[in-house]
Structures are given as structure tokens and as C-alpha cells.
Amino acid sequence: MPALPAAVPLSWYLTLSAFLFVLGVAGFLFRRNIITVFMSIELMLNAVNLTFITFSYKLQQVDGHIFSFFVMVVAAAEAAVGLAIILTVFKNRQTLEIDELDSLKN
Amino acid sequence: MDALLFMIFAAIAAVCGINLVIQKHAISSALSLVGVMAALAALYLLLGGEFIAAAQLVVYAGAIMVLFVFVIMLLNAGVERTTRRRPWAQYAGVPLLLVLFGTVALLVQEISPAGDNVIFGEFTKGTPLDVGRALFTTYLLPFEVTSVLILIAILGAIVLARKEID
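If you're matching them up, the sequences are chains A and B in order. Counted the way our numbering counts, the first sequence spans residues 117 to 222. Counted the way our numbering counts, the second sequence spans residues 1007 to 1172.
A few of these clues could be false.
[To be verified] Here are the in silico distance ranges between beta carbons for each label pair:
#1 I1156/B x L175/A: 26 to 32 Å
#2 L220/A x V1072/B: 29 to 35 Å
#3 Q1096/B x Q177/A: 41 to 47 Å
#4 V1064/B x K221/A: 39 to 45 Å
#5 E213/A x I1156/B: 27 to 33 Å
#6 V187/A x V1100/B: 24 to 30 Å
#7 L1073/B x I214/A: 17 to 23 Å
#8 L1104/B x A122/A: 28 to 34 Å
#9 E213/A x E1128/B: 46 to 52 Å
#10 N208/A x E1128/B: 51 to 57 Å
#11 V1064/B x L217/A: 32 to 38 Å
Quick caveat, the hints were computed from the structure, so don't treat them as lab data. As the structure is a prediction and not an experimental result, all values here were calculated from the model. Glycine included, every Cβ here is placed at the ideal spot set by N, Cα and C.
Hey, can you work out the whole structure from these sequences and the hints?
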């Protein structure tokens, strides 16, 4: 096993963030359950938050923390409204599969 | 020690993220997402963000994910069914995503100067004191606008999810 470096380069954090973002995009594109699609969006928001915090460290400024705080607040509001929409869709259509929610298509 | 901690929590985040995408049950995906968020909170601590790490655990892993799990259980979401086959998504989607990740990772390696290391304790401006001071001076107007946004979100959620009254 190769020896670990004493300190982690900044780019590793950014690469991890990119990896999580791509995973979120993959979940958004490939999953068919509306709740899982919604959770993939949350994963993408989290990945971007990690980038904010990393650059905040690099620039030695607190502004990145404030931005990711606002992202969290907006995500909370979005989750509340989005899940209410999902509840309403389920009440009207009795399904959570996005393939079956295609009344706008034709 | 820093590198070891980063490796452990990055591995947890990556594995839970992959698990989120490949699990077929919505509840398994939700629990994986909790794992990602907890691991990210630890990484925020390594980067010196004390307040934001606590907020990540309380707001994201706590409040938002409880909401998700609550809705999954309320709607009794089971195994998802694939009603339509999409061969182009299977064959073109994964390589294109790998290209996206490769491009971003390469760019990050290119632009970040060598020897730019993260050392635990180097960043001391992430305490609740500093975050609060910035939030209530420089960012006071966005903060107040956010409170209006939350109010609208509460009203919207109630209007959308209420029972129809004749």
C-alpha cells in the first residue's frame, strides 16, 4: 500500500465534489422513482456545497460558508414544496413512476 | 492523520453516493443519502467549517432527510419498475457522464497549483461567530429575503398538501 501524503491536496476535495455531482446527475437521469430523482438533486446541491467550502478554505474567507448556508436554506424550502407536490401527484395519479406522468407529452 | 481522515470520509461519501444511484428501493437511497451528508459534514470540519458542519447535520441529515423518509413511508414507495427500456440511455449515458467527470477532474488537476494542501486548523474563520457576523452585516438583505422565501414555502406546502374542503 502506498504511503499516504501528510496533507491532502485541495484538488482531491474538488475531485470528490465533481464525483458526487456526476453521481447526482446519473441518479437524476437513470432513476425512475420521483422521490429518488428528487434525492439526486439534493446530492448535486451537496456536491456544490463541498466546492464552496473548499474554495472558502483556499481564499481564507467566510463567504463560501454563507453561500452554502443559503443553499441549505433554499434546499429546505425546495424539499418542503417539492414533497408537497409529490404528495399531490400521488393523490391524483396513484403512481410515483415518472414514466407514467406523461400527460403533457401528447 | 488528515489524509487518513479525508480518505475514510471521502470513501464513505463515494460509496454511499454510488449506493444511492444503484439501489432500487427509495428507502435505501434515502439512507445512503444520509450517509453522504454525514460524511460531508466531517469533511467540512476538516476544512474548518465548524458552523456549516453542524448546520449540515441538523438541517440536511436531520430535517430534510426526515421529511424524505416520512414521505417515502407515507406513500409506501416500493421497488421501482422499469416500464420503458431506454437503450440509448444505458449505452450513451454512462460514457458521457464519465467524460464529464474526467474533464472536470482533469481541469481541477490542471488549475490547482502543486503544494496547495489542506491543513486542519489553518482556516479559523468558520466559527459561528464569524459566520454570524458576516450573515448579519454583509449578507443581511439576502438573509431577510430568505425568511420571506421560507414563509412562502410553508404556505405553498400547506396549500398543496391540504385536503380538499368542499
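Against the structure, the hints come out as follows:
1. Checked against the given bound of 26 to 32 Å, the beta carbons of I1156/B and L175/A, roughly 29 Å apart, stay inside it.
2. Remark: the range hint 29 to 35 Å for L220/A to V1072/B is upheld by a beta-carbon distance near 32 Å.
3. Q1096/B and Q177/A have their C-beta atoms about 44 Å apart, which keeps the hinted 41 to 47 Å range intact.
4. The beta-carbon spacing between V1064/B and K221/A, approximately 41 Å, falls within the hinted interval of 39 to 45 Å.
5. In this structure, E213/A and I1156/B meet the distance hint of 27 to 33 Å, their C-beta atoms being roughly 31 Å apart.
6. Our hint of 24 to 30 Å for V187/A and V1100/B holds, since their Cβ atoms are close to 28 Å apart.
7. The hinted window of 17 to 23 Å between L1073/B and I214/A holds, with their beta carbons roughly 20 Å apart.
8. At about 31 Å, the beta-carbon gap between L1104/B and A122/A stays in the expected band of 28 to 34 Å.
9. Restraint check, E213/A to E1128/B: a C-beta distance of roughly 48 Å satisfies the suggested window 46 to 52 Å.
10. Under the hint 51 to 57 Å, the C-beta atoms of N208/A and E1128/B, about 53 Å apart, fit the expected range.
11. In this structure the hint that V1064/B and L217/A lie 32 to 38 Å apart at CB holds, the actual value being about 33 Å.
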